[in-house]
Amino acid sequence: MIVVELKGQLIWYVGKKNRIFFNDYQGSINNLLEQLHIPLHEVGNMTLNNKRTSLSDIISDGDVLVVFPVIAGG
Amino acid sequence: MQYGIMGNILEIDLTNQSIHYRSSDLDLFKKYLGGSGVAAKILIDEFDIQADPLSPNNPLIFMNGLLTGLPLPTAAKSSFVSKSPLTGIWCEATVGGHWGAQVKKCGLDGFIITGKSDTPVYIWIQDNHVEIRDASHLMGKDVFETSKLLLHQTDPKAVVACIGPAGENLSKISGIMIGGNETRAAGRGGLGAVLGSKNVKAVVARGTHKIPIYDHDTIKSDLKEFLPFLNTHTKALHDFGTAGGVQGVEANGDLPIKNWTLGDWADGAEKTCGQNMDHLGITVSHHACYACSIRCGKDARVDVGPYAGSAGHGPEYETCAAFGSNILNDNIQYLVAANDLCNRLGLDTICAGNSAAMAMECYERGILNDQDTNGLKLTFGNGPSLMVFIEQMANREGIGALFSDGVKSAGEKLGGLAKEFSIHIKGLSVAYHDPRAFTSMAIGYATANRGGCHLENLTYFSESGAFPPSLIGFDKFLSKHNDEHKAELCVIMQNFMNTFNALGLCKFLIRGRTSPDQISKWVASATGWTFTGEDLMMAGERLHNIKRLYNVSLGISRKDDQLPPRLQYHDRKTGAAAGILPNMTKLLTEYYQYRGWNEEGVPTKETLEKLGLTSEGATL
Chain A
1 MIVVELKGQL IWYVGKKNRI FFNDYQGSIN NLLEQLHIPL HEVGNMTLNN
51 KRTSLSDIIS DGDVLVVFPV IAGG
Chain B
1001 MQYGIMGNIL EIDLTNQSIH YRSSDLDLFK KYLGGSGVAA KILIDEFDIQ
1051 ADPLSPNNPL IFMNGLLTGL PLPTAAKSSF VSKSPLTGIW CEATVGGHWG
1101 AQVKKCGLDG FIITGKSDTP VYIWIQDNHV EIRDASHLMG KDVFETSKLL
1151 LHQTDPKAVV ACIGPAGENL SKISGIMIGG NETRAAGRGG LGAVLGSKNV
1201 KAVVARGTHK IPIYDHDTIK SDLKEFLPFL NTHTKALHDF GTAGGVQGVE
1251 ANGDLPIKNW TLGDWADGAE KTCGQNMDHL GITVSHHACY ACSIRCGKDA
1301 RVDVGPYAGS AGHGPEYETC AAFGSNILND NIQYLVAAND LCNRLGLDTI
1351 CAGNSAAMAM ECYERGILND QDTNGLKLTF GNGPSLMVFI EQMANREGIG
1401 ALFSDGVKSA GEKLGGLAKE FSIHIKGLSV AYHDPRAFTS MAIGYATANR
1451 GGCHLENLTY FSESGAFPPS LIGFDKFLSK HNDEHKAELC VIMQNFMNTF
1501 NALGLCKFLI RGRTSPDQIS KWVASATGWT FTGEDLMMAG ERLHNIKRLY
1551 NVSLGISRKD DQLPPRLQYH DRKTGAAAGI LPNMTKLLTE YYQYRGWNEE
1601 GVPTKETLEK LGLTSEGATL
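Read top to bottom, the protein sequences are chains A and B.
Quick note on the numbering used here: the first sequence kicks off at 1 and runs consecutively.
Quick note on the numbering used here: the second sequence kicks off at 1001 and runs consecutively.
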């Protein structure tokens, strides 16, 4: 199982859920976030299993992805 | 033929009630670009920098950016510049809306107001016709009423820049407010009081001149590709305004909470964000600044307080932090009403919010009691008391009078521990991005020329992933909580950001991954100048340094380039940035080296020579 933890205003894209669980997914973080309908230009820093990661990295069973939004206002 | 600029600057001497035009010096615009850049040069060359900020000798300079009013994305910004009555040093307060474009269409690159009128006046600029008119009937009226009356008395298509009661009462946290209830504010540094000290209630402009553009076709062709990209990347700003960022800021440990003491407030952030205002139907419509496709302005319905039932410009992110997290208020209705009240009274919400937070901490810790407040319960999160307190600050009444001139002044008057609760840099309340989260903000705040300003470096955009710094030639790895490379990033971003106020561009433009090369092409197309991205960045460095020279001549040095003790020495115990403190000694030392300043923070002779500022250095 993959755990995706969404921070800040990103929760509004997924019905205000902080955590999403995926079974049987293997592929890029990019594709996974697109499946969640999260605009990639709103995605800022991310960690995969507590290490900095990027959209092109591959995610698979057992991984924990934490996604922060960009801060771009005020 | 000159392109981009209009060629005239209006001079209004209120003491003598005289009005003159002078030609804009093209070389000045080439070197300082316009806006606050040209204004800095005029302020230094032509006026006594030792003048009391509220004396007739201190000018209020309004200057449009080089690109203001042109059909370029976000080219709506213009700058009010003066010596700040709040800080006693350099102040530029930049504002959007439709004001700058309207002044430019009067054939003006800017205007300079000097002296003092014996009686209250407003200034009416209609193309080439300028009048100083009686404003006694407007005194005491709020910003919305004043704007409405003045549109009726001049031209419904005019734009009004005015002060509210706060500016009339010379509150040093008062701003100059634009556009009535679509309020845009030249908020910071107390420039409302400068206008008030001159007995000027408002300036009203209506112009019909065309702005000459050198190569409009190239601009149009360039924007076909650029605008869709910008609009896609700013969709969240369009949908929810800057208030849409509250939760993300909180999630990063970047949100000031309870007068900058706490580290997390997720539930409160969810209640006080732009998405929730939209969800609850509090946001009722959108509006845009001139030439801007982002349309981040929101109108909000007011549900509580004396103006319940009305609607006006909704709270920006900064105001959500000011009257939300930083005073522990999660009641969105009081947050919206407090914002509306400040807009009406003409108060800077960043300063007003820091004042409220400090007052509440003083009250809860027993430094202020019920006798001091005349029974006003200034507890954290108390919305009704907040509303009273805001009115008191604007009117210099009750306990609010103690905070009418900002937190530094209040701390000095109260003395003792109260100074610890006074969160300012160089006298200006710190804007609401906590430098204990994205540590590049620590050195940015400490060295910002107008004091505790987040906009002079905006590096949290880069650290959070909203703007790739590689576009400005910085490609080093950044880790948000440590200090490595942060001073260098800050210097480069400060140089870039300095050009925006001078050009009249909104900083949200960088969400379109806008590079110096891209902007320089627009400058070249607008003016016909040969102008490169390198020229632009050099101009930005020059602008930061000329403002620093102004401040150095007023005694500013390394001793002043510091964070308030709470932000420098007190770490937070919870949240995403728990335990983080920026290393200011390292950051300052590296910053001065990158800047080419000496150890006290004074630009060296070599730096001034490189930037063409030798004569300014000698003058100051």
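These are computed hints drawn from the structure, not numbers from a lab.
Hints should not be assumed to be uniformly reliable.
[Claimed, not checked] A partial selection of chain A residues facing chain B, derived with a Cβ cut-off under 10 Å:
| id | residue |
| --- | --- |
| 1 | V3 |
| 2 | Q9 |
| 3 | L10 |
| 4 | G15 |
| 5 | R19 |
| 6 | G27 |
| 7 | P39 |
| 8 | V70 |
[Unchecked claim] Calculated from the model, a selection of chain A residues having no Cβ within reach of chain B, i.e. all distances over 10 Å:
| id | residue |
| --- | --- |
| 9 | W12 |
| 10 | L36 |
| 11 | H41 |
| 12 | V43 |
| 13 | N45 |
| 14 | N50 |
| 15 | S60 |
| 16 | F68 |
| 17 | I71 |
Being a predicted model, the structure only gives us computed values, none of them experimental.
Even for Gly, the Cβ is constructed at its ideal location relative to N, Cα and C.
Against the structure, the hints come out as follows:
{"no.": "1", "hint": "V3", "in the structure": "17 Å, violated"}
{"no.": "2", "hint": "Q9", "in the structure": "4 Å, holds"}
{"no.": "3", "hint": "L10", "in the structure": "8 Å, holds"}
{"no.": "4", "hint": "G15", "in the structure": "12 Å, violated"}
{"no.": "5", "hint": "R19", "in the structure": "13 Å, violated"}
{"no.": "6", "hint": "G27", "in the structure": "21 Å, violated"}
{"no.": "7", "hint": "P39", "in the structure": "7 Å, holds"}
{"no.": "8", "hint": "V70", "in the structure": "4 Å, holds"}
{"no.": "9", "hint": "W12", "in the structure": "5 Å, violated"}
{"no.": "10", "hint": "L36", "in the structure": "16 Å, holds"}
{"no.": "11", "hint": "H41", "in the structure": "5 Å, violated"}
{"no.": "12", "hint": "V43", "in the structure": "7 Å, violated"}
{"no.": "13", "hint": "N45", "in the structure": "6 Å, violated"}
{"no.": "14", "hint": "N50", "in the structure": "13 Å, holds"}
{"no.": "15", "hint": "S60", "in the structure": "24 Å, holds"}
{"no.": "16", "hint": "F68", "in the structure": "6 Å, violated"}
{"no.": "17", "hint": "I71", "in the structure": "4 Å, violated"}
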